[in-house]
Structures are given as C-alpha cells and as structure tokens.
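Number of protein chains: 2
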Amino acid sequence: MPVGTQATVKSLTPDELESLGARIILGNTYHLYLRPGSDCIERIGGLHRFMNWSGSILTDSGGFQVFSLARINKIQEDGVWFQSHIDGSKHLIRPETSMEIQMQLGSDIAMCFDECTPYPVDRSYAEKSMGLTVRWAKRCKNAHGGGDQALFGIVQGSVFTDLRLACLEQMSEIGFDGYALGSLSVGEPKEDMLRVLDEVTPHLPKDRPRYLMGVGTPEDLVEGVRLGVDMFDCVMPTRNARNGMLFTPRGALQIKNSRYREDLEPIEPGCTCYTCLRFSRAYLRHLFMARELLAYRLLTLHNLHYYLSLMEEMRAAIESGSFPTWRGAFYARRGAQAA
Amino acid sequence: MPVGTQATVKSLTPDELESLGARIILGNTYHLYLRPGSDCIERIGGLHRFMNWSGSILTDSGGFQVFSLARINKIQEDGVWFQSHIDGSKHLIRPETSMEIQMQLGSDIAMCFDECTPYPVDRSYAEKSMGLTVRWAKRCKNAHGGGDQALFGIVQGSVFTDLRLACLEQMSEIGFDGYALGSLSVGEPKEDMLRVLDEVTPHLPKDRPRYLMGVGTPEDLVEGVRLGVDMFDCVMPTRNARNGMLFTPRGALQIKNSRYREDLEPIEPGCTCYTCLRFSRAYLRHLFMARELLAYRLLTLHNLHYYLSLMEEMRAAIESGSFPTWRGAFYARRGAQAA
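Same order as they appear, the protein sequences are chains X and A. Letter by letter, the first sequence follows residues 0 to 338 in numbering that gives the first Met the number 0. Letter by letter, the second sequence follows residues 0 to 338 in numbering that gives the first Met the number 0.
Keep in mind that the hints were calculated from the coordinates and are not lab data. Computed from a predicted model, the values in this text were never measured in an experiment. Check each hint, because a few of them may be wrong.
Identical copies look the same in the list; a pair holds intra-copy or inter-copy alike.
To be verified - Once the Cα atoms are required to be at most 30 Å apart in a straight line, the calculated DSS-like pairs of lysine-lysine come out as:
{"hint": "1", "residue 1": "LYS255", "residue 2": "LYS89"}
{"hint": "2", "residue 1": "LYS9", "residue 2": "LYS255"}
{"hint": "3", "residue 1": "LYS73", "residue 2": "LYS89"}
{"hint": "4", "residue 1": "LYS205", "residue 2": "LYS127"}
{"hint": "5", "residue 1": "LYS73", "residue 2": "LYS205"}
{"hint": "6", "residue 1": "LYS205", "residue 2": "LYS137"}
{"hint": "7", "residue 1": "LYS127", "residue 2": "LYS89"}
{"hint": "8", "residue 1": "LYS140", "residue 2": "LYS205"}
{"hint": "9", "residue 1": "LYS73", "residue 2": "LYS137"}
{"hint": "10", "residue 1": "LYS9", "residue 2": "LYS89"}
{"hint": "11", "residue 1": "LYS205", "residue 2": "LYS255"}
{"hint": "12", "residue 1": "LYS140", "residue 2": "LYS127"}
{"hint": "13", "residue 1": "LYS255", "residue 2": "LYS189"}
Whole structure, please, built from the sequences with the hints as guidance.
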C-alpha cells in the first residue's frame, strides 16, 4: 500500500496511482483527524470522495503517530492524551475515538487502536503493553460499526514469540476481518523480525489477510511474502524518492551522483514506468539538484512502479508455483544470495 | 509562454503542458548556463531533448537575471561581470557569449543580450542604456549563427517614447526575426506602460512577432493584445499558483481562505481544466494548508489553463472580428469596466 498520509500520496494524482496499478492506499488517521478534521471529511462525504480516489483505503488507528509524532502527555487505561504536532492542542484518543474517526473517514479497512511497543523493551513491559492492546482491541470491536468497513486486529508482543502467540490467540477469540503484525521494523535486528515472522505467521488464520505494518525494503517484502504475509505498507518508496534514492532490480541508485550528469540512460533500462520511458538520468539529476518539484513526482512514480511491480511479480510467481525460483532470481539480480 | 526557468515549468510534465495547449515555453539562459551548464545540455542534444519537450522554446538572453539575481561586479562595454547566485563563481557574459549559450541550448527563438533598464531612471541614463543595448544587438546579430534559430531584438528606452522609437529604428535597421519590448512592468505606473505600448506598438514591423517581455496580469494581456502585442511571458500564473492565488474569469481566488474549508465546488464552476473537473476547493485548500506537493501541481494546472485559454479566446475573437465585444465581456465578468 502506497502511503497517503494527508489524503494524498505525496506529489501524485489518484489517476497516476491507478495507472501504477495501486488498488489500495493507506491514510493516516492521526493526520486527518487534526487536519482538515475527520468531522470535516465526513461532512464532505468521506475520504474517497474528498481525495477523489475510487480504490480501497486502509486507515491506521492513529496509535503509531500519537506515539511517534505527538507530544504524549499520558498513556492510561482509557486512552492516550497527546498534544498536536501542528498547533499544540490537547486531545484524548480512546479506542472508541479511533473507531469513530475511522468511521467518519469511511475507509474500507479500519485498524484497532493499539500501543506501538518500542524497541528494545524488557519482557515485562512487552507483556503489559500487549495486554493493554488486547483490552483496547475488545473495546474497538465493541465500538466498531461493522457494515462495509472491515476491522483488523493487531498482534503485539515485541520480539517475544510466546507473547505474540498469546496475543494472537486472544485476538482470534475477539475475531477480526484481518490480522496485522505491529511493532516490527522498529529498530530490532533483521533476524529478530524474520524469526518472529517465521514463528508467528503460520498461526495466523489462513482465511484472513495478514498485514505486516510499516515494512519495508524490497528484501523485507520478499521475505515477508515467503513467510506468508499478504499486505504491507511503507513510506520507503515515496520518501526515498523525494530524497533521490531510487529502487531498481539491481539495487539502489542515488540520482544526485555526479556520474549521472550527462547520462542519457533512464533510471533503469527496460523499466516501463512513465519516468523511465521519457526522461534520462541526466535530466532527473538536474531536476533533483535544482530542487524542482517535478523531480519528486517523477522519482516517486518510478519507485512506486518498482514496488507495485514487485508485489505483482510475487503474486504471479505464487500462482504459478514458482515463487522459490523467482526469489532466487530476485537475489541474483542484486548480486546477492537468497538466505 | 509558460515560464520553464530550469528546463521545467515548475511541477508539470511536458505531457501536461501539451494537454494545456501550450505551444511554446520560455527557458532561462542564465539559470541553465549555471546549472546544469549549456555545454552539458548541448552534449545531451539540446534543451528540447533534455527536457523531452517537442513544442517550441524561446530563451531569454540571460540579461534580466544577471541584473536581478546575480551580484553584478561590473557592467562595461564588452559585457557584464557577475557572480553566480548558486555558488558565487565569477562569469563574464558578453553579447557573443549569450548567443553561444542560446545556440548550445538550441532554442527556437533566441533573444538579444540587452541591458534591462531599471525604473525609475532619468532620461540621460535611459538614453545611454538604450545605446548600449543597440550596440550589443549589433554584436548579437553578427555572432548569431542564423539557421533554424530565430533572433529577436529588444526595444529599450524606459518610459520615454522618443527613445523607444529611436531604438526601434536602429533595431529595424539591424533587422531581426521579431521585436520585443523590454523593461516594462518593472515598477512604472500602469498608465506609463499602456502609453508606451500605445505609442510604440503601431511602429513595430507588422510582419514580425511582437513580444512584451515579463507581462503580466490577465488585464495586461488583454490590453497588450488590444494595442497590438502577439506574445507574452510571465511567471505570474505559475508562481501565484504556488502561493495559492488562483485566476478565474471573475477575478482572483485565495485558496487558503477559510470559507473554502468544506466547499465542494471546483475552483471555478464550468472550468474544464483537469483540476476543476476532479477536485473541490475543500480538497485543494487542505492540500495547500498541509503544504502537499500535489497542491502546487493542481493549482499550476488551473492557472496555466486559465492563461492559455485567455490567449486562445483572444485569438478567436480577433479572427472573428469581435475583439472589442469580447473585451467588454471580459471586464464585465470581473465586475469592472473596460477603460
């Protein structure tokens, strides 16, 4: 899912997202609640109409941003008091508030309000945090209106597999339309993330979407899929594009590198994205160095094309039963070996 | 002509410019000479290929930017010493240099290197400055390679009509493919600009394009056309868009105004631009307030559509002999009377 934090995937139109093959994007509840306001978006007819996007939308719960962007005044059983990063105003978000906001936004998939467990934490903190997330999940389920909007539960427990599995059991009892793994890729060693995926994913309900939140690099996506994950979201393709870092099958390319000054090749020869079909590295480097707005658009288009094509290739490989071969080729192109 | 200073009309792709009906854009010699370098653009195959624009390009001489952006060390008969606004490096631009750079860029229309006369100046300064511009124009004509690239002369003389006419006579003797009026809209009262246009334009060769440089508001364009001008360039539609100021037949609209917070109307009901067909004022206001990159694109598209449609309407009105009626309606829609 491309990330459309403030009712826009930065620099792109909904038409472009559609052309890229995006079928679902992520919107950030925290940002939209503060600006323009979820009540405002509801009166306007919901987030789809507001931004003119006819594909699907998943909204996060606001939890992650409350913990990472806002100044937190207090986490308590009832909810979280925080101060807006925009104007310092004080707000209480309770699990019920998060549900109400996401219903106002009218997303297709709402996420339970959870505590994003930081890393590193000791086992007792992780256990307490997981307990709070479970109690909040029950309140979310009760407060959620159901109907056309799906509700996903979030499995916490940090890097402690037994806590993750205990959390999953309780989440399954509550019953959700899909299950997410939260608080991974938050600073823990890569091996820990892969170990948790390896040990937890097989226990996720097979008939529900499995969503790995906030992940990740192309390699993370490939390994996530190998271990049974269906959905991902990450700002990496869009944010890195705006920093001049481009994804290619052979690895990363920094467009500001002076070697591209007069390079007439596209970012990646053979790439069929809008940018590669029309513009040279030399031109893109110039736009980036001159901080031209067009740079951010064109580089974002390329990176999202890369990410969405990667997912498409993996879907096709799974369907044809050739995922292991495909994965070997993926690493070979990068000059690396599959683990 | 939309202004594409650094080989891009800010935020737009060449495809979008084409869809807007733009047939010619302006590129800034000064900026491109400094970054990425006109030698670099020449080796890449010229500005058209560099930015993938198949329409026409007019390049200015670099004179205006040398006088307005750079730190000038010395204006002398031979040329102008200046320091780059990017890295402080020192450069001498002579009329011959300007021609060489514009030939390297491969624009369709090159402009003579001139001294942009500031306002206000006394008559003797204006006369001296005009004399220098004429001597430089001769050197430009001699240095210019001809061929497929047209060369336009620039008529100077500040607000002194007799100096303008004397300049024009000498420029006509040298002989150019088109004639521009420079150093207008540089701070002089609007009446002075209109008076100069009224008194000078009738003497411009009837069979050559007439170009009013750096102008202007929609009203300026209408009055310029009424007084016989064919071509204009101005950053106003693009720059104002990025500042949230939108042009409509009824006057200006500031998108950040809080009255648009939940306004589902397009910028201008009935407008056929991409932005108005798809997005509400409420959404555009949100994007602008949140400083989202998409705001600059969508607002730029609207403003350029307005400017280019305005010129198209005037062309049609002239062809059908109804320009005076059209002009009356133009002012009536704005709640103003034609002068």
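When no copy is specified for LYS127 and LYS89, does a C-alpha distance of 30 Å or less occur within a copy, between copies, both, or neither? within (26 Å within a copy, 65 Å between copies)
Could you figure out if LYS255 and LYS89 sit no more than 30 Å apart (CA to CA) within one copy, between two copies, both or neither? Intra 41 Å, inter 24 Å, cutoff 30 Å: inter-copy only.
Up to 30 Å between alpha-carbons, please classify LYS73 paired with LYS205: within, between, both or neither. neither (37 Å within a copy, 76 Å between copies)
Tell me, please, which holds for LYS205 and LYS137 at an alpha-carbon limit of 30 Å: within, between, both or neither? Answer is within: at 22 Å inside a copy they meet the 30 Å cutoff, but 81 Å across does not.
Measure nothing new, just compare the shortest in-copy and cross-copy C-alpha distances for LYS73 and LYS89 to 30 Å and report within, between, both or neither. within (11 Å within a copy, 58 Å between copies)
Using 30 Å as the alpha carbon limit, work out where LYS205 and LYS127 are close: within a copy, between copies, both or neither. within (28 Å within a copy, 85 Å between copies)
Please sort LYS205 with LYS255 into within, between, both or neither, judging by C-alpha distance up to 30 Å. Classified as neither; 45 Å inside a copy, 48 Å across copies.
Check LYS9 against LYS255 for me: Cα-Cα at most 30 Å, and say if that holds within a copy, between copies, both or neither. For LYS9 and LYS255, both the intra-copy (20 Å) and inter-copy (19 Å) Cα distances are at most 30 Å.
LYS9 and LYS89: within-copy, between-copy, both or neither at 30 Å Cα: within (27 Å within a copy, 38 Å between copies)
Between the shortest in-copy and the shortest cross-copy C-alpha distance, which are at most 30 Å for LYS140 and LYS205: within, between, both, or neither? Within one copy only: 21 Å inside, 77 Å across.
My question is about LYS140 and LYS127: at a cut-off of 30 Å on alpha-carbon distance, are they close within one copy, between copies, both, or neither? Cα proximity of LYS140 and LYS127: one copy only (20 Å, versus 82 Å across).
Can you give me the call for LYS255 and LYS189, within, between, both or neither, at a CA distance of at most 30 Å? So LYS255 and LYS189 pass the 30 Å test inside one copy only (29 Å; across, 45 Å).
In the structure shown, a violation is registered for the earlier hints numbered 5 and 11, in ascending order.
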